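So the protein sequences, as listed, match chains A and B. Those letters in the first sequence? Residues 17 to 428, by this note's numbering. Those letters in the second sequence? Residues 24 to 263, by this note's numbering.
Since the hints were derived computationally from the structure, they do not count as laboratory data. This structure is a prediction, so every number in the text was calculated from the model and none was measured. Just so it is clear, CB atoms sit at the ideal spot from N, CA and C, and this is done for glycine as well. Everything hinted at is true.
Some but not every residue of chain A turned toward chain B, in silico, with C-beta under 7 angstroms: (1) E335; (2) I338; (3) A341; (4) V342; (5) G343; (6) A344; (7) T345; (8) Q346; (9) P421; (10) I422.
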Amino acid sequence: MPWSVDNVRIGIRNLLAHKLRSVLTMLGVIFGVAAVVSMLSIAGGARREAVEQIRLLGTNHVRVKHRELVGEAREQADQRGSRGLRRQDAAILTEGLPDVDGVAPVRFVDATVLYGGQESTGHVVATDEDYAHVTGVRAREGRFLSPLDVRGAKRVAVMGADAKDELFGFRNAIGRRIRIDDGWFTVVGVLERRNVREGKEAVVEVRNVNRDIFVPISTASIRLPDARREGAIDEIAIRVDGDDRVPRTARIAGRLLARAHRGVEDFDIVIPAELLARARQTQRVFNIVMGSIAAISLLVGGIGIMNVMLTSVTERTREIGIRRAVGATQRAILGQFLMETVVVSAAGGLLGIGLGFAMAKGINLFAGWATVISLPAAGLAFGISALVGVVFGVYPARRAARMDPITALRFE
Amino acid sequence: MQIRLEDVRKSYPMGEGVLRALRGVTLSIERGEYVVFMGPSGSGKSTLLHLAGCLDRPSSGACWLDGERVEDLPDAALSGLRNRKIGFVFQSFHLIAQLDVVENVEVPLYYAGVEPRKRRELAAQALDAVGLATRLAHRPNQLSGGERQRVAIARALVVRPEIILADEPTGNLDSRTGDEVMELLEKQNARGVTLVVVTHDPEKARRARRVVQMRDGLVAWEQHSDDEGFPHGPRGAAIQ
Numbered sequence: 017m018p019w020s021v022d023n024v025r026i027g028i029r030n031l032l033a034h035k036l037r038s039v040l041t042m043l044g045v046i047f048g049v050a051a052v053v054s055m056l057s058i059a060g061g062a063r064r065e066a067v068e069q070i071r072l073l074g075t076n077h078v079r080v081k082h083r084e085l086v087g088e089a090r091e092q093a094d095q096r097g098s099r100g101l102r103r104q105d106a107a108i109l110t111e112g113l114p115d116v117d118g119v120a121p122v123r124f125v126d127a128t129v130l131y132g133g134q135e136s137t138g139h140v141v142a143t144d145e146d147y148a149h150v151t152g153v154r155a156r157e158g159r160f161l162s163p164l165d166v167r168g169a170k171r172v173a174v175m176g177a178d179a180k181d182e183l184f185g186f187r188n189a190i191g192r193r194i195r196i197d198d199g200w201f202t203v204v205g206v207l208e209r210r211n212v213r214e215g216k217e218a219v220v221e222v223r224n225v226n227r228d229i230f231v232p233i234s235t236a237s238i239r240l241p242d243a244r245r246e247g248a249i250d251e252i253a254i255r256v257d258g259d260d261r262v263p264r265t266a267r268i269a270g271r272l273l274a275r276a277h278r279g280v281e282d283f284d285i286v287i288p289a290e291l292l293a294r295a296r297q298t299q300r301v302f303n304i305v306m307g308s309i310a311a312i313s314l315l316v317g318g319i320g321i322m323n324v325m326l327t328s329v330t331e332r333t334r335e336i337g338i339r340r341a342v343g344a345t346q347r348a349i350l351g352q353f354l355m356e357t358v359v360v361s362a363a364g365g366l367l368g369i370g371l372g373f374a375m376a377k378g379i380n381l382f383a384g385w386a387t388v389i390s391l392p393a394a395g396l397a398f399g400i401s402a403l404v405g406v407v408f409g410v411y412p413a414r415r416a417a418r419m420d421p422i423t424a425l426r427f428e
Numbered sequence: 024m025q026i027r028l029e030d031v032r033k034s035y036p037m038g039e040g041v042l043r044a045l046r047g048v049t050l051s052i053e054r055g056e057y058v059v060f061m062g063p064s065g066s067g068k069s070t071l072l073h074l075a076g077c078l079d080r081p082s083s084g085a086c087w088l089d090g091e092r093v094e095d096l097p098d099a100a101l102s103g104l105r106n107r108k109i110g111f112v113f114q115s116f117h118l119i120a121q122l123d124v125v126e127n128v129e130v131p132l133y134y135a136g137v138e139p140r141k142r143r144e145l146a147a148q149a150l151d152a153v154g155l156a157t158r159l160a161h162r163p164n165q166l167s168g169g170e171r172q173r174v175a176i177a178r179a180l181v182v183r184p185e186i187i188l189a190d191e192p193t194g195n196l197d198s199r200t201g202d203e204v205m206e207l208l209e210k211q212n213a214r215g216v217t218l219v220v221v222t223h224d225p226e227k228a229r230r231a232r233r234v235v236q237m238r239d240g241l242v243a244w245e246q247h248s249d250d251e252g253f254p255h256g257p258r259g260a261a262i263q
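All chains should be built: construct the whole structure from the sequences, respecting the hints.
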């Protein structure tokens, strides 16, 4: 009986009969639900973005990064004879690591890139032929660096999609020669564009390969030497055979390198999957704040609804008496008033869902945060609003149901 | 429907004391009877009507409806009896202002579990029977007092009750409209429905076949229409 169509109809009619009062009653629930929906949308967006970024980095990846030492630590490293991350380290890891699918050394070269008098804002990255396999970049045109390029220290370059567009526009870049510092390099490939998000709002910072210009690491060490650190590299990218083996591989890599560097900690081991966990941690704080706002709004909203329903029960005392006189049971009265409260709070829930999505869209437009509008989030929010109706409707409904019919009929 | 009350008492707490509305009433009303309860305000006639209609429970004593003891039945059972067997008509009509005329008449059918389309059909028939077939979509406040009372009668009749309990049904109406309303109720009695009316009006009492005079929570006297001097009580005692 409580959930009958008639009770819903009565509820909707009462809602529409006092529109302003209904909206004011619903305000708390509207804001509460809007907070829930926008929170879930923002959280969903951030999660999706983080996952995408991590996917670009690769969940089966480990990166070893050079750590710049200063002062005393630098002196100690020099004494022990560690010269930072070097190409040989990549070879040590290739040989020593089990379950490894590829290892690529990476050096970021500070060089000027020119074509036809125009300077590129892209970055030169020196690596070897394994880089494509390790990081999953693919050539859109031409090819990536080959073993021959690396072994023969060829003056070839592979351009990221943005770097190519910047220098060549719509023109074909393959076979053209670009100038990197003092040397001429022939473009042999252009990479597929990757969907990378840059800047402060990015949940996890990922290198934008679209702006990179890749050259063989051997060529770079001859043609584009690092004046400060000869033979040094900045990163080693490792692709692990299976996501579950990543932590173990990272541990072993750490141990191998520590031995090679004689205990000097001049490198960091980064696991992208851990970055995701950190991003989630930040997200959790946000969720707690939004969740608290939502909970307080819903509580206040629920109390507001209860207050109005109690007034309504008093106002309609005579109606309750009439209904009881013609055969309504206590249960039927309870159901009717409970349903009316649920209708009010659920209507508030629907408005709140609309407002929440609008807020999410607004946040997306003005703050640049990624948001995801998900139906399960809307369903959850609607469920919560209906639940608020049930919880806060029980007391007024019980009061209505327990009224003495005679007293109710005589009520003036 | 037969109603039997035995030594029924009813008291209400009032302030620090107790109001004894009924002080031990024993009477029975036979199936198809037309009984009028009369008496001054506070004599207990409305309380008696409420007990007979299962709207209230006695403080002590026993109530039988068709041989079934009802005073200890659970709420749902009493509600069911009111819904199926009893039709109430009140002095101040007691219509639900937010519902239109036909919806008001549908209310008892709703609690009887009748499906919506059938409800509408039966309610329209009941309104037709009281001459309000053209007023279905009106709100109670758009009707005259007499029309409102006729809606209330239609609501009482729509479940085809075995008994109609009318508490001062003409109290808020002019005499001509009051007579029309009484005729409507008496028409039901002629069809075999037990009719119990509470009234102050001796003219209305004259129409009944039996008058019960209440005073101070007790039956003072009662008379049948074929008794001498009806309805003036024994030794010409004036009715009040």
